[in-house]
Structures are given as structure tokens and as C-alpha cells.
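Protein chains: 2
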Amino acid sequence: MSVVIAIDAMGGDSAPAEIVKGALESLSDGDFKLILIGVESAIKRELAKYSLSDNQINRIEIVAAKDIIGNDESPVQAIRTKKDSSIVRGLNLLKDQKAQAFLSAGATGAVLTGATLIVGRVRGIERPALGTLLPNSRGFSFLIDSGANVDAKPQYLLQFASMGSLYMEHILSVKKPRVGLLNIGAEREKGNALTKEAYGLLEKSSDINFVGNVEARDVPLGAVDVVVCDAFAGNIVLKYTEGFAKAMMGMIKEELMSSYMSRIGALLAKDAFSNLKKRFDYREVGGAPLLGLKGLAVKAHGSSDSLAIRSALKQCVSFCAKDVVEKIARSIQK
Amino acid sequence: MSVVIAIDAMGGDSAPAEIVKGALESLSDGDFKLILIGVESAIKRELAKYSLSDNQINRIEIVAAKDIIGNDESPVQAIRTKKDSSIVRGLNLLKDQKAQAFLSAGATGAVLTGATLIVGRVRGIERPALGTLLPNSRGFSFLIDSGANVDAKPQYLLQFASMGSLYMEHILSVKKPRVGLLNIGAEREKGNALTKEAYGLLEKSSDINFVGNVEARDVPLGAVDVVVCDAFAGNIVLKYTEGFAKAMMGMIKEELMSSYMSRIGALLAKDAFSNLKKRFDYREVGGAPLLGLKGLAVKAHGSSDSLAIRSALKQCVSFCAKDVVEKIARSIQK
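First to last, the protein sequences are chains A and B. Here the first sequence is numbered in the working numbering, starting from 105 and rising by one per residue. Here the second sequence is numbered in the working numbering, starting from 105 and rising by one per residue.
In isolation and in its complexed conformation, chain A is listed as follows (with noise of 0.2 Å):
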């Protein structure tokens, strides 16, 4: 049986457009079928631009969810009282097992919020994290939790090493992980009351690789496979790197176009600086996926288009290849 993955049609800041254009274009990356969530009449609306293969008609469903959640809404609430909305249709996909892998481009703390409560969380993890993929000067490092947990305890953490050391292992191929923990110093006794306390927990365990402290300063710089904090300092550097890039990127551009000479410059390298570029863009990692779950649920960025969602698409059919939500399950009841 090939894998489903169940998408919210509805999720981001360009749905339904590019979440189904997306969708269409990805089914040429593998054998896996989709589940299109949303407001049916939109959705159709969108499938109508394509001319479809019978193979494409054959491997798209449509289930349909009148509402949508916003991102201004409390979580808590949406998740109790939207019951036909994408996001609650598509995590109860995942739960009932008719989906491997969520996938929405939606309101984040929604996805989080309802992850856990709908699908829940493997026996013995105390809290999903997100977790994201950081460019680094030498490729990428797995951080968790990005965004789920921004008041966590010291266990939390532990967790979250182990389960960014199975992710970055069996989707990155990397041999034993290097798990650094994000601190403020790399001598042990640096930091605040959590990674204090988390860093004597990580030392302990024997499933990971631990390496010890890790300084924001070697993040960039490829220092560790996995950087484990809490998600307001993860989504912090998340975010930081995002608006960064950017911001360094119109730096370039406005010193380079401030010369004759630059100028001419800046044409003959384009192309090095459009691979520079690409190597910041966040469409092409995939999304981030909710680890701890048992399912897979994937959020991706709310101006994701179809490059992004197609990469996450490619990711979460990856994940359920490798079973890793079972491996995390293994790892943990040890």
C-alpha cells in the first residue's frame, strides 16, 4: 500500500493556489497518494487550471472542511469548536490512520495544539517539538524544538535530543548526530536554571551524542548536527535567521549597486549569488515536522508556495519511508 499524506488546502498565506499546485506538481517525486482538505468548491476551482492525468485524477482525494482557523485565533478553542475546519479534518486523517503524514501551511499554534490533542503523543514523550532544518556554512543542523514548547523543563530537552538525533540519522544520513545544547557558553555551568539542569540530563544519556554546550556563535558555522533549546530560544534563532539572510542579502545588493565597478561585478557573479541565495531559502527544506506524534504532522511556512510545499511533500513521504515515528517510539520506551 502506498503512502497518503493528507494536506490542508486551506493553510498559509497562498491557499488555495499554490497549496495545490504544489500538491500536483509533487506527485511526479514518488508513488504516494494525497488527501486535498478544504473547502471543496475552491479546491476544485484549482484542480480545473491543470489538464490531469488519469494517473494524477487517480491518486487525488478530495475530503472536504468548510472552515478555516486563523491565525489569530486561540488554538485551544479553534481546535474544540472548528470541527469541520482543514486542520481538525486533516489531524483526524492522521489519527484514524486513513493518512500517514499531515501536512498544513496553516496557523501554527493550531497545528500544535490540535497534533497533540487529536493524533497524541507517542507513550512516554512529554512534549511534541517542532523541528526545523538550519542552513549552516556546511549544510544543516536539526533544530528542537523551534516552536512548539516556550516554557520547557530540563526532560523536555532530553527528548528532544533524542528525537532530533533519530530524525537527522535516518532523513540526513548523518552517523551519530552531534547534539549540542544552545547556551550561552560553552563551559558546563553557563546558561540559565534550565540548561543547567538540562545539561547534567544530557551528559547522563547514553542514546545520544552529546557534545555539550553549544554557542550561537558555532551554530552558523556547522558546530552540531542538533541544537536543543526551548522553542523561544529555537524560534528565535528560526526567525533570526530568516530575517538575517534577508537583511544581509539587501546589504549586498545595496553595496554592490553603489559602484560602477560593483556593478558589473554583481552581473557577472550573478549566479553565485543566486546559488547564495538558495541556500537560504526556506522552500527548499521542507517543513517542520512535529516530532513525538503518533503520526506525522508537518507544519510548513505560512507563505509557503508550491516550491515549498512540494519540498515538504517530498520530506514527509521520506519520513514515513524511513518509519520514524516508530523509531522515536522504540527509542523512547527503552
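As the list makes no split between identical chains, a pair holds if one copy fits it or if it spans any two.
Capping the alpha-carbon separation at 25 Å, the derived lysine-lysine pairs in DSS-like fashion look like this:
| id | residue 1 | residue 2 |
| --- | --- | --- |
| 1 | 202 | 125 |
| 2 | 199 | 426 |
| 3 | 294 | 350 |
| 4 | 125 | 137 |
| 5 | 153 | 125 |
| 6 | 279 | 418 |
| 7 | 357 | 382 |
| 8 | 300 | 257 |
| 9 | 381 | 357 |
| 10 | 187 | 170 |
| 11 | 438 | 280 |
| 12 | 382 | 350 |
Everything labelled a hint here was simulated from the structure, so no lab data went into it.
Got chain A; can you put chain B on it based on the hints?
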């Protein structure tokens, strides 16, 4: 009477050579006196490398201190036992008003702890905070706290906001500096326990121009003038900026060197790249003032060279001339 600045000649990776060099170079930037503190023979050996004018000789004094406090020592312990260290001597000069400012590129923890213990807080200030100018695409924002209080309380953050505003207003001449609370979302209900409570306090304050939460993504784009946060988040932003700029410069170089055409382009755009590098050069920015003390203590980067020391000294002079310490005291007592 001209301003007197005390410098820890033994602090930092390149001490005493670069410290003494920077100190001497700075003398041409204004009319002030310097006290070099440290191992007398070592300082004299450095001074002997230069042919000093009478004016220079008259403006420099040496205060002997045999001990040096290392980065790996417990700050409280070191401050208590190493009375004859350059840091303790320097802070005592500040306390006794024999100097109006103290600059050190030495052990951060010892400078922060020592400054609070020896120089003391301005009445009403709960915790002094370290502020740092952070480069952004429009200029600079002031990041406070960037290193002193890793476990902060909401009311500390309110005071950081006031002190940061005064700094930006008087040292960088920014009118009504926009103050943002570093957070993981723009909405007021976002964040962790600390930011949620701090938001309420900041909002009520009439002393500052509070513009709400600022997401890390908007910081490098210059969305606010003062970024308020605890020292854990602040230090991560600070160090991440350093590492990310370095990593990105490395990636730019890598991409530019990857083809013949882009190599020529890089050559033509050489000036543009060196300007870009300069915008992220911490050495141009000066040191990080510890605000909220009854005197000015400034922490320079551990790897400061003579240029960094010279910039930091310039900043000290400007800080003393504007009497920021007194302005903070008055603002807090209101």
C-alpha cells in the same frame, strides 16, 4: 577637568599588546586621560615600543595590578579573592571616582559581578544590564540585556527598556527610540511566561516609546531601536549575529570562487564586499556598556584588537560627556 578612563591592560586574547596600542591610538580622538591597569613590567614593555610625545606621556598613568582573572574562574570567588587583579583595581578606581569609566576585554562574568559588587547599582535599579549595538540593515539597534541576567524577571525588562532608550537617545541621537520586546510572535499574548508579563509592564510605561513585540525576523531589518530581552535570548542573538555574518561571508566567498566568471566579478566588486564586512565588524561598534551602575563599566569583546579598543574608548568618552549614568538615575527615581 578632563575625563579619566581606566583600562584593564591585561584583559582579552591580545592583551596587553593590542590594548596598549589601542589606548595610545585613541589619545588623538579627544581630550581625556587614561589609566592602564595591570602588570607594570608588561605594560611598560609595550609602551616602550612607541616613541611617545610629552602630551601622550602626560595623559597616561599606570596602576599596577599583579593578578589576572581568567574566563574559567568563578566570578564571585575571583572578585573576592583577587584584590590585586586588573579588574578589581579598575572597578575600585571607578568606585572611588578616580576614573569616570572602566573598560575591560577580560572575563565577562568577573566584570559584571565585580561591577555590581564594587561600583554598585544606581538606587532603584534592580539589575544592571549589558547593552550592545547590533548592526541591522538601516544602522544599529541596541540589544539589552545581551549578557548579564540570564534568568530575568518582568520588572527587570521594564528597566532595561528605559535604560536602552536613554542610551539610544543620548549616545546615538535617536529621537523617541522605538522599543520592542523580543518575542516569538507579534501578538501580545504570544511568548513565554516572562514576556507575557513584561508586555503588560512595558505597555503601561509612559517613559518609553513601546511599539509592542518584535519578532526576531524583523530585528535585522531595523524594525526597532531598542530590543528588550533577558540575557539568555540576548546573548544568543548577539553571538548568532557574529557567527552568521561570518558563515555568510564564507559562503559568499565559496560561491564567488566557484566559477571563473564570478571570480572576476568578485574582483571588480571588492570594495563592496569590504564595506559589507565592515558593517558587521564588532570592532567598529565599541564595547558593551553595563547600564544601571553608579559609574560606567564597559565590556569589550574578548578578541578585541587595537581598533576595537579605540572604538570602545571613544564610546566611553561620549557616554561620560552626555552623563548617561546621571540620566538613568534621574529617570529611575521619577
